[in-house]
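**Student:** Given only the sequences and the hints, what does the whole structure look like? Please build it.
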Amino acid sequence: MSEDLLSEEQILAERTPHIVSFWPYYLYFLWYVIGSSLLLWKLDWFMDLVRSSVIGAFFGQTGVIVTFMVVWWLLMIIPALIFSLLRIKWGWVVGFALIATVATYLFHHFNVTESFLLYATIGLGVLGLVLSDIYRRSHRYFLTSFRIITRLGFLGSTTRQTPYAQIDDLVTKKGFLGQIFNYASILPLTPPGIGTGSDEARVSVGVGGGVSGDAKAGKVGAGAGVGVEGGRSVTVPRSRTYFILYGIPHPDEVEELILERMREKEPAFQVERQTKILGKKLDQLIKEREEEKFENKK
Numbered sequence: 001m002s003e004d005l006l007s008e009e010q011i012l013a014e015r016t017p018h019i020v021s022f023w024p025y026y027l028y029f030l031w032y033v034i035g036s037s038l039l040l041w042k043l044d045w046f047m048d049l050v051r052s053s054v055i056g057a058f059f060g061q062t063g064v065i066v067t068f069m070v071v072w073w074l075l076m077i078i079p080a081l082i083f084s085l086l087r088i089k090w091g092w093v094v095g096f097a098l099i100a101t102v103a104t105y106l107f108h109h110f111n112v113t114e115s116f117l118l119y120a121t122i123g124l125g126v127l128g129l130v131l132s133d134i135y136r137r138s139h140r141y142f143l144t145s146f147r148i149i150t151r152l153g154f155l156g157s158t159t160r161q162t163p164y165a166q167i168d169d170l171v172t173k174k175g176f177l178g179q180i181f182n183y184a185s186i187l188p189l190t191p192p193g194i195g196t197g198s199d200e201a202r203v204s205v206g207v208g209g210g211v212s213g214d215a216k217a218g219k220v221g222a223g224a225g226v227g228v229e230g231g232r233s234v235t236v237p238r239s240r241t242y243f244i245l246y247g248i249p250h251p252d253e254v255e256e257l258i259l260e261r262m263r264e265k266e267p268a269f270q271v272e273r274q275t276k277i278l279g280k281k282l283d284q285l286i287k288e289r290e291e292e293k294f295e296n297k298k
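Sequential numbering of the sequence shown, starting at 1, is according to my numbering.
Don't take each hint at face value.
In silico DSBU-like pairs for lysine-lysine, Cα to Cα no more than 30 Å straight-line [as the list claims (entries may be wrong)]:
1) Lys265 x Lys280
2) Lys265 x Lys173
3) Lys280 x Lys173
Simulated restraints on C-beta separations [as the list claims (entries may be wrong)]:
4) Lys280 x Leu257: 25 to 33 Å
5) Asn182 x Gln161: 23 to 31 Å
6) Gln161 x Leu106: 18 to 26 Å
7) Glu264 x Arg137: 25 to 33 Å
8) Trp23 x Thr113: 29 to 37 Å
9) His109 x Leu257: 54 to 62 Å
10) Gly175 x Lys287: 16 to 24 Å
11) Thr16 x Asn111: 39 to 47 Å
12) Glu266 x Lys174: 47 to 55 Å
13) Asp4 x Trp90: 30 to 38 Å
14) Phe58 x Ser157: 50 to 58 Å
15) Lys280 x Lys174: 37 to 45 Å
16) Thr172 x Leu285: 41 to 49 Å
17) Gly153 x Lys89: 42 to 50 Å
Since the hints were derived computationally from the structure, they do not count as laboratory data. We put the beta carbon where it would ideally sit given N, CA and C, even for glycine.
**Tutor:** So, in structure tokens, the structure goes:
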């Protein structure tokens, strides 16, 4: 980072997000571990329950497999829909829909067992937990003597540089967990509106299911879909985690540092400081003149 500093610029503070601040990501992937583990634990009971139900009576083993796939699709997609809606970023639901589609294809064409599919889902959740922590650690926030630098180094690099002179307002968000673990998100608001926004996100997915193949031959294909429609609009101070000081520990120290630097950049403060400097020089000049007169009288 030192090679990116300007002349006479110094790093005053450096932060990364508090581990608890990324709890939505950890909770999201933990769901796949816990949900899949519970379903795996009760898999035989679940399959026997479906076989003894109306579905098993009318559709046989094909109906049992389709029911399992529908439940697994719900396990995969519904959390992704909720998370995408809350984060206003639809890549999550698209990505997990693609994963579920590929898994369904493999389940049909390569005779993958139900238990193997659940073990794979647990592995996906564990991998997500590890990547979430790597993603958190890839956030680096630097407060220098001239500017705020926020940087994300996960699968590429994204950097935002905000001079203190361009900051109009400072918003600090500290939730319930932030009060307990002493972390908060600090949003530097600038005249172009960076740090605020209005986004509306909507999704509409159809519901359906399908079966193909020969149940007697033991080859059965299953497909399922989930349908949810909703929207969310946001017009508040907020931004991506790599554009603000997201979930930083000891936020009061950072906020005080930023406010002090903002005050130093204000025109009134500059005038006041120059006035004090000129006043000191004038007092020194008067003192020197008086000493000179006193020496001349001698």
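**Student:** Determine for every hint whether it applies to the structure shown.
**Tutor:** Hints and how they fare:
Pair hint Lys265 plus Lys280 holds up; C-alpha atoms about 21 Å apart against a cutoff of 30 Å. The hinted pair formed by Lys265 and Lys173 meets the criterion: a straight-line CA distance of about 24 Å does not exceed 30 Å. For the suggested pair Lys280 and Lys173, the alpha carbons sit about 42 Å apart, so the restraint of at most 30 Å is broken. The beta-carbon spacing between Lys280 and Leu257, approximately 27 Å, falls within the hinted interval of 25 to 33 Å.
For Asn182 paired with Gln161, a C-beta distance near 27 Å keeps the hint of 23 to 31 Å intact. Take Gln161 and Leu106: their Cβ atoms lie about 46 Å apart, and the range 18 to 26 Å is violated. A hinted range of 25 to 33 Å holds for the C-beta pair Glu264 and Arg137, which are about 32 Å apart. Between Trp23 and Thr113, the C-beta spacing of about 34 Å keeps the proposed range 29 to 37 Å intact.
Checked against the hint of 54 to 62 Å, the C-beta distance between His109 and Leu257 comes to roughly 59 Å, which is consistent with it. Evaluation of the 16 to 24 Å hint for Gly175 and Lys287 yields a failure: the beta carbon distance comes to about 57 Å. In this structure the supplied range 39 to 47 Å holds for Thr16 paired with Asn111, their Cβ-Cβ distance being about 46 Å. Taking 47 to 55 Å as the suggested C-beta distance range, the pair Glu266 and Lys174 does not conform, at roughly 26 Å.
Between Asp4 and Trp90 the CB atoms are about 33 Å apart, so this pair conforms to the stated range of 30 to 38 Å. Phe58 and Ser157 have their C-beta atoms about 57 Å apart, which keeps the hinted 50 to 58 Å range intact. Restraint check, Lys280 to Lys174: a C-beta distance of roughly 41 Å satisfies the suggested window 37 to 45 Å. Evaluation of the 41 to 49 Å hint for Thr172 and Leu285 yields a pass: the beta carbon distance comes to about 45 Å.
Between Gly153 and Lys89 the beta carbons are some 19 Å apart, a value that contradicts the proposed interval 42 to 50 Å.
Comparing the model with each earlier hint shows violations of hints 3, 6, 10, 12 and 17; every other hint is respected.
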